[in-house]
Amino acid sequence: MGDSRVDGVWPNKQANPGLTWETVQMTNFGLDAGFFKNALSVQLDVFDKQTKDILLNIPQPLELGAGDGIPSNAGRLSNKGVEFMLTYRGEIQDFKYTFSGNFSKIWNEIEDLHGMDDQINSYWINRVGESIGSFYMYEADGLFSSQAEVDAHAVQDAATSAGDIRYKDLNNDGVINGDDRAIVGNDVPYFTYGLNFNASYKGFDFNIQGQGVTDVLVYLDSEASQAFFNGAGAKDYHLGRWTQANPNPTAVYPRLLPSGENQHNQRMSTFWLYNASYFRIKNLVLGYTIPSDVTQKFGINKLRFYVSGSNLFTTRSDDRLDDFDPEIPSSRGSYPVMKVYSFGLNVNF
Amino acid sequence: MKQIKKYILMSLALIGASCSDDFLDREPQDQISSGTFWKSENDVELALNGCYAYVGASVYDAYNDAYADNSYCQYPWESNATIISAGTIDANMDDGYDYAGIRRFNYFIDNIDKAPISESIKKQYVSEVRVLRAWAYYNLTKKFGAVPLITNFFIDGKDVAIAPTPESEVMDFVISELEAVVDNLPVENVYKSRVSKAAALALKSRIHLFNQQWAEAAASAQQVMGLGYELFKVSSLSSEDLADDYSDFVNFDSAEQEQKFYLGLASYQKLFWEANEGNAEVIMEAEYIPESAYEYSSGINTIYLADNAGGGWSSVTPTQGLVDAYWTKAGEDFAAPSRESRAAAYNNGDYSAAYLEEFKNRDTRLYASILFPGAKWNDLQDGFVFSWNKGGSNISKTGYNYRKMVDPSESAQSGQYKGPQNFPIIRYAEVLLTYAEAKNETSGPSGDIYDAIDAIRLRAGMPAVDRAAVSSKDALRSLIRNERRIELAGEGFRWDDIRRWGISQEVMTPIYSIDNDLAQERRYDPKFVRLPYPQTAVDRNPNLKDAQEAKGY
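Line by line, the protein sequences are chains A and B. Numbering-wise (our numbering), the first sequence opens with residue 397 and increments by one. Numbering-wise (our numbering), the second sequence opens with residue 8 and increments by one.
There's no promise every hint is true.
[As the list claims (entries may be wrong)] SDA-like, lysine to any residue: derived pairs with alpha carbons at most 25 Å apart:
1. Lys-735/A x Asn-603/A
2. Lys-383/B x Gly-338/B
3. Lys-552/B x Phe-593/A
4. Lys-564/A x Pro-549/B
5. Lys-552/B x Asn-603/A
6. Lys-564/A x Met-100/B
7. Lys-552/B x Lys-735/A
8. Lys-46/B x Arg-401/A
9. Lys-165/B x Ser-518/A
10. Lys-409/A x Lys-383/B
In case anyone wonders, no lab produced these hints; they're calculated from the structure. For clarity, every value in this text was computed on a predicted model and none was experimentally measured.
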């Protein structure tokens, strides 16, 4: 005001004075067993975890004008799961090794939302009977290959034309709108697994760790999936897009349009859901320790050289995700974890 | 061990001493909470400032002309103008279904009684905030139609997820609010960014006009006309005003006409400059200051100018349709060349003298408002002649840029987001145009209507209306409509105007660039007269569902 800045005060975040802790009731059956003089060990854990008063950001009506979500003790959640781990230790003369593998599977279900069912937040929904992290959006059904197909389909958008994404008219009312959204997957990795292998032979040591998840989807928008978004580049797979010459209804990408005219293809739909299952070699280490009788002559107790690498290999279920980090959450994209190679030396005096 | 025992005892003692029931129920020390607020006049001032952050208009209204046929916004991430003008409107879009301001206003109105301030200040502040709230509801209802009418501060979402109130009832509420408080407002407020009596009356006439309540619109406008505002005029010419030689563009019949032209040009463009903030034409303005961050500068220079003209982004650019709308210098309709012949004369930028013909002997405001290839602007940069670098980054898609409202002064050219000048929210010219339109609809042509239009024209160095030639109600209506389009171009009125005139269907057609390339495909569907509630709003307030369907979405 009057060419200077002034401060102001207003009601901002909604408080929830009644907020309290979540209560967790856990039932757990564990089994530890060893076989062959404990060379093979097995751990099995079956659990049933009931969480009451789960803390959720309850989406608020826009008419409240108070921004997005008030943290509340908003319901009951059930997590039933199995964790399994198997380890085998063995040795063949100087060659010693340990192999272990594990997996964990969780069945997650929202059991109660205190009467506030169907909390839709961006592309997620919290619905009783479903899992946390459920995607809620249009179901894409390939691409239109001709104007005749567009005309025959439910009305999507004035700009819809051949080469655009076709959305399923789930309620068959001839119009694609908010009523045609459905739960189409989940972005929480409820099945995870890992593998670990350790070995040593004389002065050499070797370790490799891998991890993976299956049955998980990721939603990518803006730069992460759109070619030339806001001056960004395009990916190789975009070459397989729909064109007049390639009117393939299952093409990997719709027709190319300027951003300003492409809103109808950027609706939240399964077209932009990617299969985020992956397996990744998280760590790999190879080391060599020079025998101590040699090094002690130089006053050194232990001298070890090693090379190691992180995130060296990743296999992904979705080819289009080649240059994405499968560990990132649904988003526009972010910096992936780096591949790291290191060479090192451990010296103990 | 002894040591450890001692610590255990000490911690037990601490636990014993500290665990009273309300220990965790603290007012946060680093934030203001409602429990400790409303204790002083200063608290009230702060809360009022908080309300003014949500005035119903701002520089972003510059994008609104790109919802209509005046402008084109090429960046979909800057506003919804791109989607709206393309006609791909659906509930995936949220064009400002926002109650954040209304929440602040209701909080203020419901709580100010707690504060120890005088009744007269309280009365004035509450009245100002009720105007802001009425304005917010006007903005919501003219865009979304029926909306939930919430007039108290609530903390529980269930209290506000209510069925929408029909548009006509919301409009009635808005008008009754303005009527209830207008006499409590100061004739002049401390700043022109604050609500004054004239601002409330001008807003009221704007709303009546939107609702085609012609007599009421004319009456409210007339009340403002008695409050001492006048059109901004420069009385003498500086070297800056004469920096561009217009003898190439305008055939001056006399030295007197030349003088009028330059005075008109300077008056119309300098009305918006930083040096003239708060001038006698400004009834209310949004205040901005030189850039320190994006939130303090209006950015209008950056939004309107091009990469090769003042380092702008060409975010909002004029359409050929707007350029064609400017009168000839005689104040008559201009007969534009065909797209094909223009493109041929333009010859991909290597244009002949024939290309510039269409910019000769036109309305002064064309030169003050539009950068066309060949336009001069020495105040921006010595020897500057606008050229269109088609296809470049931050370059217009239509071939034109706005220069209206841009301040070329050196002080306004610094920073990334340029535009320290205030943005006019309500200016006297609008009131005159509203009066003229409403009065003509009420009772047909009369002297006071021509006077109002003539005042606007003469200020811009244009001739008065030929009253004999424009003598019927219909002719005068179409003249007023075009005058309004020209005078208020780029200020955010056009979308409301084409909707209330019912001409969207005929004007929302594809737009082409100077060289006859399609700049934007445009489609129109009659349902676009009101926008859909965003899907999120319907998801969280299912009471909106029926109204959404009734709107055709």
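Evaluation of the provided hints:
1. Lys-735/A x Asn-603/A: With a Cα-Cα distance of about 17 Å, the restraint between Lys-735/A and Asn-603/A holds, given a limit of 25 Å.
2. Lys-383/B x Gly-338/B: 22 Å, holds
3. Lys-552/B x Phe-593/A: Not satisfied, since the Cα-Cα distance of roughly 58 Å exceeds 25 Å.
4. Lys-564/A x Pro-549/B: 22 Å, holds
5. Lys-552/B x Asn-603/A: 59 Å, violated
6. Lys-564/A x Met-100/B: 20 Å, holds
7. Lys-552/B x Lys-735/A: 50 Å, violated
8. Lys-46/B x Arg-401/A: Judged against 25 Å, a Cα distance of about 23 Å means the pair holds.
9. Lys-165/B x Ser-518/A: 20 Å, holds
10. Lys-409/A x Lys-383/B: At roughly 51 Å apart (the allowed maximum being 25 Å), Lys-383/B and Lys-409/A break the hint.
In terms of the numbered hints stated before, the structure departs from hints 3, 5, 7, 10, listed from lowest to highest.
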